[in-house]
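**Q** One-letter residues, chain by chain:
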Amino acid sequence: MLLDDDADWLALCRELLSALPSQPEIFTATTAKRALALLETESVRLLVCDLKMPRMDGLQLLSIVRRRFPDVRTVVLSGLDDEGFRSRAYALGVDLFWPKIEMQRDAKQFNDCLESLLGREGETGFRGVQSKSLMDLIQMECLARSSTVLRIQRGPLVAKLWIQDGELLDAELDGVRGEAALQRTLAWQTGSFENFPPEPERERTIHRPINALLLESAQSFDETSQLVAGESADAEESAQHRRTMWKLSQLTRESAEFVIAIPASGRGEPDALGTQNAAEFSQWATHAEKISRQLGERLGAGPLAHLAGSGLERKIVLMPRGEKIFLTGWPTDADDRLAEKTKKISAAWDF
Amino acid sequence: MGFLKNIFRRAAAVQSLPAGSLTVDRHGAIVTCTVSSAYPATLLVAIGHEIMVLLREARAAQLPLTEISLHFGSLHITARELRGGAVIFLLPQTAQSAAPNPPRP
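One line per chain: the protein sequences are A and B, in this order. Per my numbering, the very first residue in the first sequence carries number 1; after that it's consecutive. Per my numbering, the very first residue in the second sequence carries number 1; after that it's consecutive.
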């Protein structure tokens, strides 16, 4: 189903999608309300929707669709090519975000992605949120001799891996390419990933077999963890010291006053740096996150991205990230990009 | 058989997001409100109440705040302490919004 308030654009998309090899039946809607009514009555597998629409916009519609029609795959096709909207859309659980301008530029790739999304429905197998280590994920893609581009995101950090016929061609992270980028990416413990169509013409920078690279990386992790878990008290203390120094360096780099990482489950001790009031702050943060989350659910406003506060003594940001809640404190003259900075600190916290 | 769909089709229940502002007293009771009267009053009361709880508990935790902003996927709630109560701004984050994270007022 296509949803867009621009009838001309709908007609154009309809024409484009009618060229898909699977020849899907295409429904169109110009309002979110009409789209919801169609979803109730028709068997819709894929929803392609715009973000900018009058009355109810795409983000609100998507949060309803994810809740009420969890089997429907969702694609956002938007004129707003903004990383903020992209991450908001992905936070709502959409399968794909595609800027309209890129779709016009490369309609074939867009069609390939849609065909792939539609095709997966018919295949045997399961769909859901994968919770695997990055090594498992890469190994699976390579063993299946897949051809794909894996886009892996950990907070503000984005890495890409080019896999062709089960061979890893290239990796890129933060401007770094090749094995160095792969090793840095493999160190990530958490994150999310997307599959994009393959790019067989990508220049090859990795020549060693993937199994050798993964083995090397695993050995290096084992050595590190053995050092941490080793019987030697000195070695453990040294590892602990290194971790604390790393966290302090993150704190200083972003000019934060304090950071507290609190287990969202409520079990376990908060990990705090830069404050003596960790227990009181953690208690407030846990309760504040719970109240805010429940309020958001009641209002149908979507998940809580963050809570920002300011007072005469400091500014704060509370941000749920995975299994932890991060509370950061900042001086009163800090700029307004505190949520972004908190995201960076949380992404690097368990690095 | 398609006519049956027309007869039994259910209207999609959609609750629009609140837009406007409200002021609440120290107990969270609404004093003034510019949000559409079509929006359920119980939800507005809940917003006022939870905001006051957040501010009060922050003060108790040695983290006094004069302003608080809740950023949800599709709604921003900004509250500023006002004579013991608070003034609360409700800003739906539609795609028409200027930026995903608008600067503080």
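In case anyone wonders, no lab produced these hints; they're calculated from the structure. If you're wondering where the values come from, they're calculated on a predicted model, not measured in any experiment. One thing to keep in mind: the hints can contain errors.
[Claimed, not checked] Some chain B residues flagged as far from chain A (calculated, every beta-carbon gap over 10 Å):
1. Gln15
2. Gly28
3. Ile30
4. Ala41
5. Pro64
6. Phe72
[Said to hold, decoys possible] Derived, one-sided and incomplete: chain B residues facing chain A with beta-carbon distance under 8 Å:
7. Leu17
8. Ala29
9. Ala61
10. Ile68
11. Leu70
Ideal Cβ positions, reconstructed from N, Cα and C, are used throughout, including at glycine.
**Q** For each hint, tell me whether it holds in the structure or not.
**A** A quick look at each hint next to the structure:
1. Gln15: violated (6 Å)
2. Gly28: holds (12 Å)
3. Ile30: Holds, because the least Cβ-Cβ distance between isoleucine 30 (chain B) and chain A comes to about 16 Å, which exceeds 10 Å.
4. Ala41: holds (13 Å)
5. Pro64: Contrary to the label, proline 64 (chain B) does not stay out of reach of chain A, its closest Cβ about 5 Å off (not over 10 Å).
6. Phe72: Its Cβ does come within 10 Å of chain A, the nearest being 4 Å, so this is violated.
7. Leu17: holds (6 Å)
8. Ala29: With Cβ-Cβ at 17 Å, over 8 Å, it is violated.
9. Ala61: At 4 Å from the nearest chain A Cβ, alanine 61 (chain B) passes the 8 Å test, so the hint holds.
10. Ile68: holds (5 Å)
11. Leu70: With a closest approach of 5 Å, the leucine 70 (chain B) hint holds.
In this structure, the hints that do not hold are numbers 1, 5, 6, 8, in rising order.
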